[in-house]
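Peer 1: Below, each chain spelled out in residue letters.
Protein chains: 2
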Amino acid sequence: MSEILVIGSVALDTVATPAGRFNDVLGGSATYFSISASFFSRVNLVATVGKDFPDEYKALINAFGVDLRGLETKAGKTFRWEGSYVDDLNCAKTINTQLNVFADFKPKIPAEYKDSKYIFLANIDPDLQLFILKNFRGQQLVGCDSMNYWIQNKNASLKKLMKEVSFVFLNDAEARLFSGESNIIKAGMFLLSLGPRFAIIKRGEYGAILFTKQGISLLTPAFLLETVCDPTGAGDTFAGGFMGMLARAGKVNDQAVRQALLYGSVMASFTVEDFSVNRFLKLKKRDIESRYKKFKDLTIP
Amino acid sequence: MSEILVIGSVALDTVATPAGRFNDVLGGSATYFSISASFFSRVNLVATVGKDFPDEYKALINAFGVDLRGLETKAGKTFRWEGSYVDDLNCAKTINTQLNVFADFKPKIPAEYKDSKYIFLANIDPDLQLFILKNFRGQQLVGCDSMNYWIQNKNASLKKLMKEVSFVFLNDAEARLFSGESNIIKAGMFLLSLGPRFAIIKRGEYGAILFTKQGISLLTPAFLLETVCDPTGAGDTFAGGFMGMLARAGKVNDQAVRQALLYGSVMASFTVEDFSVNRFLKLKKRDIESRYKKFKDLTIP
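If you read the protein sequences in the order shown, they are chains A and B. Each residue of the first sequence is one higher than the last, beginning at 1 in the working numbering. Each residue of the second sequence is one higher than the last, beginning at 1 in the working numbering.
Source of the hints: derived by calculation from the structure; they are not laboratory data. Hints may contain errors.
Calculated pairs, BS3-like style, for lysine-lysine (alpha carbon to alpha carbon, straight line, at most 30 Å) [what the hints assert, rightly or not]:
#1 A:293 <-> B:296
#2 A:186 <-> A:106
#3 A:186 <-> A:284
#4 A:296 <-> B:293
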């Protein structure tokens with residue numbers, strides 16, 4: 001089984017949604033990504049937490065088989081994010097961000113991780129994302145995420161990063177901002193013009209679009225749910241299912257990537273059903289296959 | 001070939017979009033619906049216009065084979081709508097509405113139309129929609145559209161209408177308002193609880209959802225375009241393609257309805273490519289089949 005390396009955040013989240021409020025629950029891009037990908041592949045995680053990070057949360061991530069030798073514990077407090085979906089389940093309102101030890105995150109890649117075949121650079125400073133890639137000889141398949149802040153404040157670095165990645169994951173607003181194009185097809189093709197082989201534009205509850213140099217390769221709705229509890233981490237969970245499925249497939253052709261997109265959607269549909277990563281605690285591989293089949297049935301006329 | 005009867009508006013629209021501005025062009029729900037459906041079925045139209053309605057526009061609709069014996073010309077001016085998509089291509093801002101002869105529209109159904117097998121009640125006062133159905137013996141398959149105004153101001157009549165129709169077409173905001181449910185699955189199931197056999201929730205550039213009593217039957221994205229010129233009439237064009245395809249299929253089972261939904265999406269994707277109904281002037285049946293095939297390729301993993 002191939003290995004995936006993810007570099008990102010492990011955080012303590014305080015989240016309010018119409019379904020309730022939870023304080024200091026396990027969160028972070030690398031957390032959601034790694035747990036999601038763990039259902040398909042071995043996963044190595046690089047992140048940093050503070051001394052206050054509960055051992056039980058480490059044990060929780062580790063119980064999914066995620067390798068935590070790259071999780072550094074530093075003096076200080078863990079990255080904390082507080083957000084609310086009370087007004088709009090589709091869009092988090094950030095109430096408070098405390099970077100804490102994450103503020104001077106300098107990812108150290110353990111020697112054992114340098115053979116990972118797939119790398120996911122979660123949303124961090126693109127200069128750090130570029131710095132990470134210097135550890136590798138360019139044989140890996142790299143995916144990356146980013147956000148409006150870096151598009152606006154580190155535009156040149158982000159464009160440089162685009163030359164180094166095979167997959168870029170952005171949501172529609174980010175893709176529009178980065179490209180300066182309001183039309184989503186033009187935005188997707190702009191991303192590819194910067195270097196990646198595949199661009200994945202995430203549209204939240206409306207699904208996702210996969211672009212290749214030939215144009216749109218797959219246009220898929222999201223798996224709809226009667227109850228959405230907590231959308232936090234849906235994008236990273238999506239990327240985790242996508243990269244995990246690709247690693248499991250062991251090849252990167254259009255068909256494998258299209259299928260990976262559906263698995264990403266399926267994994268995202270699970271995580272929003274409960275707070276934090278709780279839904280994964282009781283998720284079985286057969287639940288994934290069953291929802292994948294249902295999803296295909298609903299989307300094929 | 002089965003016949004479809006549509007009752008709605010024939011209008012003169014003034015539309016501003018990022019692509020330009022057009023004054024007093026042909027518009028109206030019955031216009032878009034009938035031209036779209038004409039590619040699949042014979043269509044009978046009931047509407048009213050004023051003395052100022054250009055003969056060339058009548059000839060234009062008639063050139064698609066649409067029967068205009070139900071188009072009444074009355075003293076006064078034609079219904080005029082002025083809208084702008086300059087700020088948001090997904091949402092029309094109404095600048096001005098002049099109902100004119102449409103204000104006291106009392107649909108008269110020509111005797112020749114009473115054998116129509118399919119009826120589409122475009123968005124008008126639900127009391128009028130109910131009144132129209134009194135002309136028929138209940139053997140027809142009826143579809144209807146509505147809007148926020150009637151949901152708020154004629155709620156009881158609209159609910160009564162729901163008992164008489166097989167298909168209800170609403171957009172997501174309308175379905176949420178009518179049901180009082182923010183969740184779209186719950187909104188769809190609410191619509192079906194009122195009587196229709198199928199509910200179709202339109203999501204604009206994000207596609208459409210088909211509901212049956214068993215839940216979601218088909219979840220489809222919209223066919224994306226690099227250039228959207230004028231979204232006016234997309235919903236009625238969608239319904240026209242849908243009902244037209246059903247009439248052509250001559251049966252109403254889940255499979256036929258799922259396929260009709262895709263044809264509705266395809267027809268809507270054409271109309272937004274040009275102002276007014278201009279795109280249809282050069283549309284060939286083979287263009288429809290070609291886009292239908294492309295749409296299926298893009299949505300099937």
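Peer 1: Against each hint, give a clear statement of whether it holds in the structure.
Peer 2: The hints, checked one at a time:
1. Simply put, residue 293 of chain A and residue 296 of chain B have alpha-carbon atoms about 18 Å apart, close enough for the 30 Å limit, and the pair holds.
2. At roughly 35 Å between alpha-carbon atoms, residue 186 of chain A and residue 106 of chain A are farther apart than 30 Å, so this suggested pair is violated.
3. For the hint pairing residue 186 of chain A with residue 284 of chain A, the CA-to-CA distance comes to about 39 Å; that exceeds 30 Å, so the pair is violated.
4. In summary, the hint linking residue 296 of chain A to residue 293 of chain B is supported, as the alpha carbons are separated by about 18 Å, within the 30 Å threshold.
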